[in-house]
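S.K.: Residue-level listing of the chains:
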Amino acid sequence: MSTADKPVDHESTHGDVPDSFEDPGLPYHRPRRADVDPKAANKAERQVAALFGLSILGTILALGAYFMIDMTGEIASIRFANMMIGLGIFLAMMGIGLGAIHWAKTLMRDHEMVEERHALRSSDEARAGAIQNLQDGVEDSGLGSDGSGTSRRGLLKGSLITAVLAAPLALLVPQIGNMGGQWNTREFAHTMWRQGMRLTRDPDGTPIKAADVTIGSAFHVIPDGLNDLEHGKIEAKAKAVVLLIRLDPRDLKIQPGREDWSFDGIVAYSKICTHVGCPVALYEQQTHHLLCPCHQSTFDVADGAKVVFGPAKRPLPQLPIAIDDEGYIVAKSDFHEPIGSSYWTRLKNTSDGLSGDTEGGSH
Amino acid sequence: MHSLARHRYHRAAPVVLVLLLLGLIAGIAAAVSTASSANAATTTSADDVSEGQKLFAANCASCHGLGAEGQDGVAPSLIGVGAAAVDFQVGTGRMPMQASGPQAIAKRTQFSQAEISQLAAFVASLGAGPAIPTAEQVDPALGDAANGMQLFRTNCAMCHGSVGGGGALSQGKFAPNLWETTPTHIYEAMLTGPQSMPVFNDANITSEGKRDIISYLKAQDEGSPGGLRLGTIGPVAEGLWGWFLVLGLVVASTVWIGARSS
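Chains V and A, in that order, are what the protein sequence lines are. Each residue of the first sequence is one higher than the one before, counting from 0 in numbering that gives the first Met the number 0. Each residue of the second sequence is one higher than the one before, counting from 0 in numbering that gives the first Met the number 0.
The set of hints was computed from the structure by calculation and includes no laboratory data. A portion of the hints provided could be inaccurate.
In silico DSSO-like cross-links for lysine-lysine, where the CA-CA straight-line distance does not exceed 27 Å [what the hints assert, rightly or not]: (1) V/K331 - V/K232; (2) V/K312 - V/K347; (3) V/K252 - A/K172; (4) A/K172 - V/K305; (5) V/K312 - A/K172.
Please work from the sequences and hints to get the whole structure.
M.R.: Put into structure tokens, the structure is as follows:
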């Protein structure tokens, strides 16, 4: 709006509020350069044509890239072709869009238009008619407390309610069914680890000797025999993966009740984060910190894998280990608490009745 | 007031905005992709030990001690770390350390390869430790990149990213990207576990396995089929690209569409 057209005199209304504000009217119409200068109009026309031309070039680029670039060769050539086709499509679409808007802004009619609003409220007749229609509908359906023909209406009511209640099953049953066939939640508390089962390398499944694990080493471990499973291998692996680390025995703080769970500085902890179950495996050798890449929960491996940072609430479950006759590292038992994130019956399901308290393992 | 409102958006503003955003992103990309260079290891002889001892006394002993026994809270003992650790730390410029910080940063090497070999020979003479790998042990052409991918995915990808782009660790530490690192230095890093990195000795990942990993990393030089890699450091770079460049384009277009033609 322009103050030059209609100066507003604030001083005259000083002290009292006016009943209504004056209609400020339309802002001052400023002609565009293309409206008054034919040269500028011609220039704008050429600009629009150039943008459409850019679109045509983009189309040619996309088609040319598709037909000319050999995509059967190296990976780099596929990337180059994808890049050129994508760039061509971008230019083809963007050119049309920019051209059309530039056309509308510079060359098409530029007059302010006024469209009066009508009242939002319907007329009294229309409102009364709508209410009457609803009432007629309720009366026709017989759902109201009218009383006549109760037996037929009762059948309709019953069947409608049954249908409405049953219909969500069509959606819910397949959804819930796809969550998996395993409904025994006690299974969640157990992994594949058993007494005497060897710790083996991921992925090739070869056993690990205690002497192989030098100080500062980190081994990614799966249970012996996991690779031979015919069914549920991925599920078993997702629960049973373990990180095997050897610390300087002087750095390791043995947890009370877990005096015989480690061997000469070698400890094994579940790799599944107790927050929401990401694989925790970013081991920082110097600080003994184990970092979860998802939400930055940090566990101190030297101190019972206690949480030192982040959203996890519990330490990582420890796998008790021992050495067998041939010098290989074996598990002494399954984990003594369910691995991974919390769930509502977690503490009820702890294996062999051990406590699932936050310090773990004391019984 | 009104004239100010009318002229708030210059008609070149969207273009300037997009160019500024592009410049910002290019600047960040240039800052992130610092290159490190190092030369391949050469063979050493036992005669280098005395020369190495002189170099050590002049350049390393102030922290590690004249006998390389280390100082508590300052520098670790180097007895038994082996020639491989010296070749890695000095060869990538991490040692001598410039300033204490979350971790020693790779920088321009301060010594020639011959001097590094002498230093390595001296430190190796103090106690048995991993040796510098031979050229055959680190030749990517002899490795199996497919097996290397399996090993890398299990043992390395959580820190260094699925294709070796690197990533963040806690409290300012980070796993560097591995594309510019020489095969010998990659091998030595696995063998010796420098700084935050755990040790992957030959009993964990065999010598052939290490070569397979090197082969897999060198295969990444061919590029990815999926377009720009943006450093392959994950959702941070992609989010930055999406928020600043793409959203910037959308905002600039909206301003341009809404602005009155002059």
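S.K.: Given the hint that A/K172 pairs with V/K305, does the C-alpha gap stay at or below 27 Å?
M.R.: 20 Å, holds
S.K.: Going straight from one Cα to the other, do V/K312 and A/K172 come out at no more than 27 Å?
M.R.: Holds, at roughly 24 Å.
S.K.: V/K252 and A/K172 were given as a pair; does the straight-line alpha-carbon distance stay at or below 27 Å?
M.R.: Holds. V/K252 to A/K172 sits at ~24 Å (cutoff 27 Å).
S.K.: Hinted pair, alpha-carbon criterion (27 Å max): V/K312, V/K347. Please report holds or violated.
M.R.: 18 Å, holds
S.K.: For V/K331 and V/K232, compute the direct alpha-carbon distance and say whether it is at most 27 Å.
M.R.: 22 Å, holds
In this structure, none of the earlier numbered hints is contradicted; all agree with it.
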